[in-house]
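Asks: Take a look at the letters that make up each chain.
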Amino acid sequence: MHPIELVNVKKDYLLGNVRVPALKGVSFAIEPGEFTVIAGPSGSGKTTVLNLIGCVDTATEGDVVIASKKTSDLNDRELTSLRLNTLGFIFQSFNLIPVLDVYDNIEFPLLLKKDLTPKQRKERVDYFIERVGLKNHRKHRPSELSGGQRQRVAIARALVTKPQIVLADEPTANLDSKTGQSIIDLMKEINSIDKTTFIFSTHDYSIMNQARRIIQLQDGMILK
Amino acid sequence: MYIFTLIAFRNLFKNKSRTLILGGVVAGIALVMTVLLSLIQGIQSTMIHNGTALMSGHVNIAGFYKISSSSSSPTVTAFKELLEIAKTEVPEAELIVDRVKAYGRVISEMDSIQVPMWGVNFDQEEKNLRRLELAPIKEYWDESFWRQEKADATSETSLKNGERIEGRWDDLNSRGTLVLFASQARKLKVRVGDMVTLSMPTYRNISNTMDVRVVAVLRDLGLMSQFSLFLHADDAREIYQIKKETTGQIMLFLKDIKSVPLVEERLRKILAQKGYVMMEKEAKPFFLKMERVSGESWTGQKIDITTWEDETSFLKWVVQLLSSMSSILILVLLMIVVLGLMNTLWMSIRERTSEIGTLRAIGLQRRQVFLLFLLESFFLIFGGTLIGALLGFSLVELLNSFQIPLTIETLKVFLMSNTLSFEIGWVQIFQVFIIMLTFLLIGALFPIWQATRLKPVSAIQNVN
Ligand SMILES: Nc1ncnc2c1ncn2[C@@H]1O[C@H](COP(=O)(O)OP(=O)(O)OP(=O)(O)O)[C@@H](O)[C@H]1O
Ligand SMILES: [Mg+2]
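These protein sequence lines are chains H and B, in that order.
With my numbering, letter number 102 in the first sequence gets 102, and the count goes up by one each step, no holes.
With my numbering, letter number 239 in the second sequence gets 463, and the count goes up by one each step, no holes.
Note that these hints are calculated values from the structure, not bench results.
From a predicted model like this one, the values you see are computed outputs, not experimental measurements.
Treat the hints loosely; a few may be bogus.
What the hints assert, rightly or not - Per the computed footprint, the stretches of chain H lying under chain B, defined by three or more beta-carbons under 8 Å from a beta-carbon of chain B, are:
no.: 1; region: 45-54
no.: 2; region: 80-93
no.: 3; region: 108-121
We treat Cβ as the ideally placed atom computed from N, Cα and C, and that holds for glycine.
Input sequences plus hints: build the corresponding full structure.
Replies: Following this line, the structure appears as structure tokens:
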């Protein structure tokens, strides 16, 4: 068993009474430290795959293995702590907590995790704020930031707990190409230094080509 | 925990208008509740205050004497001995007096009333009786009352707070005198200086009479003033032809009303030990016990220890009625605010579906989502209640300082006071907080529980 593996995964959504098959039997494995892109046209199932790996959704059929555990065997509490301790999630629409400033947003997962002393925590947050280049925006609320800045806060928040796996759903889709490239560079850098596994989705070819591995989706199936 | 508090606070602050509206409603209801609770407490205190001046000590040594098995009189024979026991055994008492009980008709030239009366020793309980204020003349006397003016009926008048009053409590020291309440004087169309006739049925089924002079008229105390008037103890004895050694009841006024149960208990035990025949405890005023006692077969003296609560229990329904009316009102208001709160929470949860999903996706457990929203509701409810209770407190203090006179007769009767009087303390404030927090937090539970059931995937779906 691989640490991350999808085995013949099917996912149907219910739209009213209609079953919409989003994934029609997807299988692949990802090794630790990989930098993987999930590519495919709109509606091909990229978000669905990432949601399943991110343990925020469950498969209709098949097995999803994360950190060597079958997610279907875990209850809500266990899935939540898996998300907290093992995974970092970067959302397409950033999804920051609107009432918290940059510093508090990034610190939040650490407060939930409770494994650092206040001093260590501050050092860690400061390090990542520096890393994403937001030193001068620590006290800003999300509404006071540009899209690129927000996405960088979201990245810092996903990385701050030093998760084994970071998932990013079209992290550059809402950014201009220059900002998008700097975000990708940041992710690559962290991947090579910390050996963090990165899985992200995109339909931007220039970004796709920078990945070491591409999983190509179409109509809920993997294109060989 | 701190971060949850921060998020909760900031969210309340962010949705200012919603917070203000709901917080305002919570505050309004807390205010109404504070005022109502202190009104009820005020009435209760008035009842204790006036009730103990009028018809009962804090604790009484009373009882019945039966000459024959078919009769009963609410008297205590050889009471001096009991008085001594009370003085030595109850150091908590600050005043111990005795009164003779009477019941009969007061007849004037114009009308008559049937009323319980108290034969008092004014010098004994001057301080106690003076708590009852003299009434301004205009409260019972109208120049249009037809009456043949008598020379001796024009008494001295004096001014008090700009109101003309007449008569003096001190005159009750002399025999052949009577002090009654304004409503009674009005009915009888008498004023200070007038003569009236007392007519009391005795146990031999004949009525003894006596002429007495009105020496003072007291301000009404609502319902309570229907049940009392005062005459000289020896006059009462003379009418009933009872001995000087006999009285109606010994009344003990304690320094602290909280020691009532203790004193009651002790007196029961000691008197029983000393060989007195004791009656079973029954929380009723003496006049509601008379009929039953008359039907019992024993003869001689039995001693009954009663408290102010027993003797005024027939007035309790007023407080109970008021409490239940307030409860219903408060309950209805609470229902409205609970629905408002639930609705607001639903709105807020719907708006923040994506935020909740995000928090869950980051790693917030269900119980932590619960805590987050519970905190938010708690702060809102607590803050609203605090403001409402403070406003209520100030309002009550303000109204008290104005001594607002009750102009509606029915209100006077039921509130047993001439002015609107509130009493507020920590107990009332505490009650308001407990009631508000319990009801509203329970109301909040369901929407909050629903928030915890939101799937983390909704963080993504709701945005797209
Ligand atoms: N909540 C849902 N209810 C019903 N159908 C859904 C739902 N989410 C996704 N789908 C459907 O499942 C299929 C796959 O969707 P998914 O969001 O995974 O695609 P995607 O590759 O991420 O597309 P995009 O590039 O537009 O983000 C689509 O046909 C979509 O319409
Ligand atoms: Mg997508």
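Asks: Sort out which numbered hints this structure fails and list those numbers smallest first.
Replies: none
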